[in-house]
Amino acid sequence: MRQILVDLAKCKGCRQCEKACSNAHSATTENSKPISRVKVLFTRPENGKKGSPYPMRCHQCEFPKCAEACMSGALIKTKEGIVIHEDERCVGCWMCVMTCPYGAIFRDVQRKVVVKCDACLHEEIPACVAVCKFDAMKVEESE
Amino acid sequence: MNSYDYIIIGNSAAGIGCVEGIRKMDATGSIAIISYEDIHAYSRCMITHYISGHIDEKKMYFRKENFYTERNTTPYLGRRAKKIIRSSKIVRLDNGEELHYKKLLLATGAEPAPYDVTGNSLDGVYFLRTAADSEAVMNDVVKGGKAVILGGGLVGMKAADALNERGMDVTIAIASSQLLSQTMDRYGADIIKNAVESNGIHVLTNSPVKCILGDDHVTGVEFESGQTIPADLVILAKGVRPSTILAKTCGIDVDYGILVDEFMKTSDNDIYAAGDVAEALDLIRGGKVVHAIWPNALEQGRIAGMNMAGAQIAYQGGIGMNSAEFFGVAAISMGLCRSRDEEGLEVLICKDEEKGTYRKIVLQDNVIVGAVCIGNVECAGVFNGLILNRTDISSIKDLLLEDDFDYAKLVGAGLG
Chain B
1 MRQILVDLAK
11 CKGCRQCEKA
21 CSNAHSATTE
31 NSKPISRVKV
41 LFTRPENGKK
51 GSPYPMRCHQ
61 CEFPKCAEAC
71 MSGALIKTKE
81 GIVIHEDERC
91 VGCWMCVMTC
101 PYGAIFRDVQ
111 RKVVVKCDAC
121 LHEEIPACVA
131 VCKFDAMKVE
141 ESE
Chain H
1001 MNSYDYIIIG
1011 NSAAGIGCVE
1021 GIRKMDATGS
1031 IAIISYEDIH
1041 AYSRCMITHY
1051 ISGHIDEKKM
1061 YFRKENFYTE
1071 RNTTPYLGRR
1081 AKKIIRSSKI
1091 VRLDNGEELH
1101 YKKLLLATGA
1111 EPAPYDVTGN
1121 SLDGVYFLRT
1131 AADSEAVMND
1141 VVKGGKAVIL
1151 GGGLVGMKAA
1161 DALNERGMDV
1171 TIAIASSQLL
1181 SQTMDRYGAD
1191 IIKNAVESNG
1201 IHVLTNSPVK
1211 CILGDDHVTG
1221 VEFESGQTIP
1231 ADLVILAKGV
1241 RPSTILAKTC
1251 GIDVDYGILV
1261 DEFMKTSDND
1271 IYAAGDVAEA
1281 LDLIRGGKVV
1291 HAIWPNALEQ
1301 GRIAGMNMAG
1311 AQIAYQGGIG
1321 MNSAEFFGVA
1331 AISMGLCRSR
1341 DEEGLEVLIC
1351 KDEEKGTYRK
1361 IVLQDNVIVG
1371 AVCIGNVECA
1381 GVFNGLILNR
1391 TDISSIKDLL
1401 LEDDFDYAKL
1411 VGAGLG
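Chains as they are written, first to last, in our numbering: chain B, 1 to 143; chain H, 1001 to 1416.
A hint or two may mislead.
Distance ranges between label pairs, derived from CB positions [said to hold, decoys possible]: (1) 1001(H) - 26(B): 56 to 62 angstroms; (2) 1058(H) - 63(B): 53 to 59 angstroms; (3) 1066(H) - 3(B): 26 to 32 angstroms; (4) 1(B) - 1095(H): 22 to 28 angstroms; (5) 59(B) - 1182(H): 29 to 35 angstroms; (6) 140(B) - 1397(H): 32 to 38 angstroms.
Bear in mind the hints are in silico, worked out from the structure with no lab data behind them.
Ideal Cβ positions, reconstructed from N, Cα and C, are used throughout, including at glycine.
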């Protein structure tokens, strides 16, 4: 299965991954503003300065709470180990938002569906990984 | 006689979760799944979306149509399991056919709580539980007609939303003083009440019903107060209760629901139960309880299935939780969060009336045991994880109500 891994020590919090992700997924969002499936979060601010960056993306849990909570069947864990989301089945109930312990599922309020990291399965290299200048993100393929 | 390694009675979340759980452990064992409903596995939570017209019948299916063939599972749809004969491990169907099992799952779900009031069987009065119910309601929708929903739980609220969307003039009538009184706190429920009322749905609180009026077809609802309102369509939405009849008649231990241990096993070593019918471990309070909600049903079914196929996976316990959106107001509640649950617990609250956001965190000894998020719901899942993991949040307590609270705050505090 494909995992996007982050080396926190190398991440500078530049948020280029967010922009690249939005762009990579802009074709599927009709007329609404594309939303990144990776979000750079920050730890507690210290001495008035921003905390350390933490690029949040789907962890592709072994037993994903989001998919078990998904009442419409829009979220499915594939045999390849990736949790995929089908927009056309989503009714915007936010059950997955309620159950993802990482907060890695994001709401597209305009379209009333969620978006989440799909590991850019159809690309050789995920957009966030390709854009990262600091080598903080990498993709790992395993059995 | 057909014989199966696994038989599952019930084709909804717990039953399907069980098939998936079995197949994680056992690629070849034979599986049969039985349901009295003659329809592919569909989501009961979606039937109001069907009534509203947002989705067609096939969009109610929560698994692909090749689900059974892909998992080498034999569906017996439109067949009701009538009897379980434990001594010979046989399930007898309504057509007399007998099936032999090695392991059996009871995922018989729940049925609408009876509503014992005069007029409850008039034409135009409906329960709303199954796809067939939703079809019947749909065929009775008259644009401009009057619909009365008796009950203000999630099903009643979603039905009101759907019928309103269909152009009916909708009233929700409840005996208590608060909508969503089983799952939401008072302040959160008031925000939702404002949202539905400002979108044209009427809400009558403190209005116990005296009777439903009409000769053949419903014409109205009369309340104890003497007030009468006209109705062309009435939905009885007083919640559900576990469908335990099969379990009771075969003699396994039943309390309110079917009692199961941490492996989802009943008092019979070869029979498991999961979902809305199962009385299983309550994560927060200990003891056993029926949390009849979709996520718990699927998880319990999956765990039961894996254990039926030889695993020894313990169920961590469930919490009550719910999420829905009403007229643009996203509302999530979980754990001990009702106003009446708060006694002796620490409660943190922030609200912004202008933005329409509200967040409440309920703590017991610095462990989160309940939460409400309205409007800004993005971090609800992080709270959920903290509840399930019983994390001591002392070091991040001052951040819990911040707008930008998220998982990174856990990571920074060494809790991630």
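Now the hints, each set against the structure:
1. 1001(H) - 26(B): 56 to 62 angstroms: holds (58 angstroms)
2. 1058(H) - 63(B): 53 to 59 angstroms: About 27 angstroms separates the Cβ atoms of residue 1058(H) and residue 63(B), which means 53 to 59 angstroms is violated.
3. 1066(H) - 3(B): 26 to 32 angstroms: Holds, at about 28 angstroms.
4. 1(B) - 1095(H): 22 to 28 angstroms: At 44 angstroms between Cβs, range violated.
5. 59(B) - 1182(H): 29 to 35 angstroms: holds (32 angstroms)
6. 140(B) - 1397(H): 32 to 38 angstroms: holds (36 angstroms)
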